[in-house]
Amino acid sequence: MTRQVSSASSHHGGSEATDQKRGLTVIAMLAVFTLVEYIFAVVLDAPAALVVILAAIAVVKAWLIVMYFMHLPLVWQGEEA
Amino acid sequence: MAAFTEAAHAVAHEPHDEVKHVRMNRLGLWLFFASDGLVFALLLSARFYMNGTDTAPDVKQWLGLIITSVLLISSYTAYRGETALHHGNVAHGRLMLMLTILLGVGFFAGVVMEWSIAEFTVSEGYGTSFFSMTGMHAAHVASGVLLLFLAWRKAGKGYYDGGGLKAYGVSGVVMYWHFVDVVWVFFYPALYLIK
Amino acid sequence: MTRVVRAPIVVGLVLAIIGFAFGAGVLGAIRTARGQSFWEIEVGMSVGYVFALIGWLAGVGGWQHWGREWFGLEAKPYTLTGWKRYFGFSPDHKVIGIQYAVTFIVVFLLSGLTAMLIRVELMRDGKQIFTPDQYNAAMGFHGITMVAVAVAVLLGGFGNFIVPLMIGARDMAFPRLNALTYWFVPPVAVLLIIAVLMGGWESGWTAYPPLSSLHTKHGQVLFNLAVITFGLVSILGGINFLVTIIYERAPGMTWSRLPIFVWGAFAASLISFFFTQALAAALLMVLLDRIAGTSFFRQAEGGSPVLYEHVFWFYSHPAVYVMVLPGFGAALEILSHLSRKPLFAYRWVAGAMIGIVMLSGIVWAHHLFTSGMAPYLHAPFLVLTEMISIPTGLIFLGAIGTIWAGKLWLQTPMLFALAFIFNFLMGGVTGIYLADVPTDLHLQDTYFVVAHFHYTIVGGEIFALFAAIYFWFPKFTGRMYNETLGKIHFWLMFIGFQLTFIPMFRVGIQGMNRRIADYPHEYAGYNTFISLAAFLLGSSFLFFVWNMASAWLKGRVAEPNPWRASTLEWQVSSPPPEHNFDEIPVITDTPYGYGGGPAHHRPFAGGALATEEG
Amino acid sequence: MRRDFTLFTIVWALVTAASLAVAYFILRDMSFPTHGAEEASVIDDAFMALTYLACPVFGIVIAAMVVALLKHRSSGPNNGDGERILGTGSLPVVWFGVSSLLCAIVIIYPGLTGLFELRDHKDPDLRIVATAQMWAWTVEYPDSKVKVFGAQELVLPKDETVEVDITSIDILHSFWVPAFRQKMDAVPGQINKIYITPDRVGDRESDAAYRLQCAELCGLGHAIMTMPVRVVEKAEFDAWLKQQQSVTEAK
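These protein sequences, in sequence, are chains A, B, C and D.
Under our numbering, think of the first position of the first sequence as -9, with each following residue one higher.
Under our numbering, think of the first position of the second sequence as 80, with each following residue one higher.
Under our numbering, think of the first position of the third sequence as 148, with each following residue one higher.
Under our numbering, think of the first position of the fourth sequence as 468, with each following residue one higher.
Chain A extracted, bound-state conformation (with noise of 0.2 Å):
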């Protein structure tokens, strides 16, 4: 009743380096996005453009750690035994 999963985007597939390697690559994207929505935030200076802007980043960095921090996918692929 449980497949083995190994899906790339969701969950500890490989070994502990792989795993952290991972991690790694998704702080590091979240921390250039927050730093673009700081400097939008200083230098752009249209109101309403900025809002769109900063919900569409939010909802990528949302994105980022739902699908690989929090591991999204397992509730419909299952766990690895």
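To be clear, the hints were calculated from the coordinates, so they are not data collected in a lab.
Treat the hints with care, since some could be wrong.
Dumping the calculated BS3-like pairs for lysine-lysine here, alpha-carbon to alpha-carbon at most 30 Å [said to hold, decoys possible]:
| no. | chain 1 | residue 1 | chain 2 | residue 2 |
| --- | --- | --- | --- | --- |
| 1 | C | Lys223 | B | Lys236 |
| 2 | B | Lys236 | A | Lys11 |
| 3 | B | Lys274 | B | Lys139 |
| 4 | C | Lys223 | B | Lys99 |
| 5 | D | Lys589 | D | Lys709 |
Being a predicted model, the structure only gives us computed values, none of them experimental.
Could you slot chains B, C and D onto chain A? The hints should help.
Relative to the frame of chain A, chains B, C and D by itself:
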């Protein structure tokens, strides 16, 4: 919260299929996130309803950036801790959990500082949104720190030795921590950055 | 003596008091340090209550059987047996089901008594027994307790008891969470009773600000805390049902083989786990405006009462489907078994339930047609709200298709289920008038609305509840109720109900608005009639209580399957054995094997599940 | 089966006819409070249209129940089963289609048409400001600087379109005169408008429908938060206004 759905196995009348058990807990936890997320979503909507896209000119941008970074980094350490425990590397996992706890406390201290130096009051329109949103979020951070501490303690007593599904308890707590982070991902721009 | 002292409820009470003192004390110390008075009643009660709640839950069993594990200690085993299980922390879904059912039926009767008092007051114009203040307190108490009963009694009581049996599971997915969830209920009752003793709150069960955030008595704070706590019951219970139904079904129990009551519970849980937080958010805003000085509802700061109405109805409209969906399920289930026919158009009915869930979240603003919300919202919400009639119509098709050409066995549960069809028809049809903006402008906040929602919730859900009570009574208790008393109860309740609420439609159209302690003399005639009819309705419950009490204590011992029904819960003994099934059954066909269909769920004699061939 | 359908059709026709007759001959004349404004027609017509549409729908369910109850009773579970009708055929599809169609009709008429008719206001001849507070109404006639308060009367001219600006100074209340049908909440800090054209002379003395009633729970005095309403001919109204003006000036 995470541990609400953790480990109901003691009362199961026959040895549950462990995999199924973890699947149920995981789904229950996500349903809880969806439900709890609605409170934050509604507070966020109320913020736009009340204040439009204005933010107070005197929010401390530097402080906002610092606590945001602290919380993001804590998500990374939490991930490292979870991964380590999942692979049975208890010592490293505990170290990372402790680091997460410290960062969480740091974030909490940042919010307290922000509250005490804020130049607007809770009864102003913007203050209403700001204090209620950060307050609700900080309460979740505090409970998350508590849960992380319990997980750290149990890890020290050998409850997660062997990793894999045995370490699901840690995963649950860490997921809760990430959830609190996701909320902040939306709150930060809404409270600090838009103008 | 020590036994009494160690009883879970006593320990819980002691820890609750200690918790309250701790919370209020720490708050007082902080306040004193900041140069404020030590005790401020509303903040003090709120903070104290949070710790009292934690103390209560820990003391009543949460710590012994669960919390210890979080600290790396061994959880204590469950030692209570017999009737004492019902007064402690029990992970058994059957015990929890009875806890919910009995608690909420008692609350229902109390709240009904309040309604009788309200009808005494309204019997004539002018003051009878209540001052306007007391009237508002009674009305608010009746409102919120009945809402709580309606949300929890079918889902909490019957859902907990029946759903795991129906799907062939040994228990719910999270048994301890289930037990903990139930023990949130007593604090809610205590808070509401204290609130009434403190003079009540003037804002009814809807608690609209700025009345609730600026003007009402301290009871408002207790009301808000109680409802937020009750929200947790709804949310955690909903999550538990969803995970149970998704993961704990017996082998072969596919989605298209679920008994319809399980579908009803599933659909209602989808709503309650998600939307309930909106109620918590709305009441939290009111609470913060009162105790923390925020400005959610102060126009000058950008806040608005209309904001509250949106957030509040975003939950409170879907809430009515949390109430009626399990009612639909129970009534259709009973109609099928007691007509000895398969449920008509099963897939359409199950689909309609999910359709109602999907529509329920996008119709809330029809409560705001007269509130001064943005005019461009009127047309879309009119359209969406009217669309709810389509899935509801399919439920009716299922009901009348099921009794068509059946073999109707008119026992008490069947009578209640048939009355459910009629009442909900009345409620559904009158709902159209309220979804339609032009008529709603006149009818909003009148007795027409009162009559309408009593037809849907009392006529619909509560009639289905009584159908369920009589139908599953033998399964719950192992004894049979008295059929004659049951029928007397039914006819008195049915007739009393019609005579009470039909005139309310008319008096509402005529111009009598709701929630008033007094009304113009012109409406007195109708109200006298309504009050007398309401007393008839109220008297029917005397027969109910008598019947239940005497049957439970010394009724005839029931067979495992007195109805010869085909679903799984009837294939085990009455009451069911502790672990439900000695062997998890394997399901091979639909639950409604009547009329020459496959007979895999067919009744059998004896206490254990018969193993059926292929 | 066949005879069931015959009986069903007869009962359905009877119930429908009877309920239509009740609606047409009794409800239409007796249900509503006094028709005191032009806009009331939109609402009353909508009400009756919905009632007529509801009658046959009501009849279907009642007829099905009557047939089942009259012809298919059983005295116990051992008398065999009903027919195995699963409802997997085309009936649910037809039912779904017809109910969707009915729903669409109701949405368009009387729903949307009525909504737009009420929205389509003529130019008002008179503007009044109704201000709610706990627990009394103040009505102001801004053009003539007249104010009435509490137990005084709200007087309106017949056949003139009145714009009512509704607001509140403390909490939520609601402006409702049953004779005029429309209802609108008084929200602090916000002005909500309705338009009414009284078309019949009347007053509170003889008719409870001529009362301004708060229709949103507002605490202790909610029930008694009323103000008598009187609709008079234009000439009489002008005289009343003049008299009130002199009273105001005398103060």
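Hints violated by the structure (numbers, ascending): Per hint list: zero violations.
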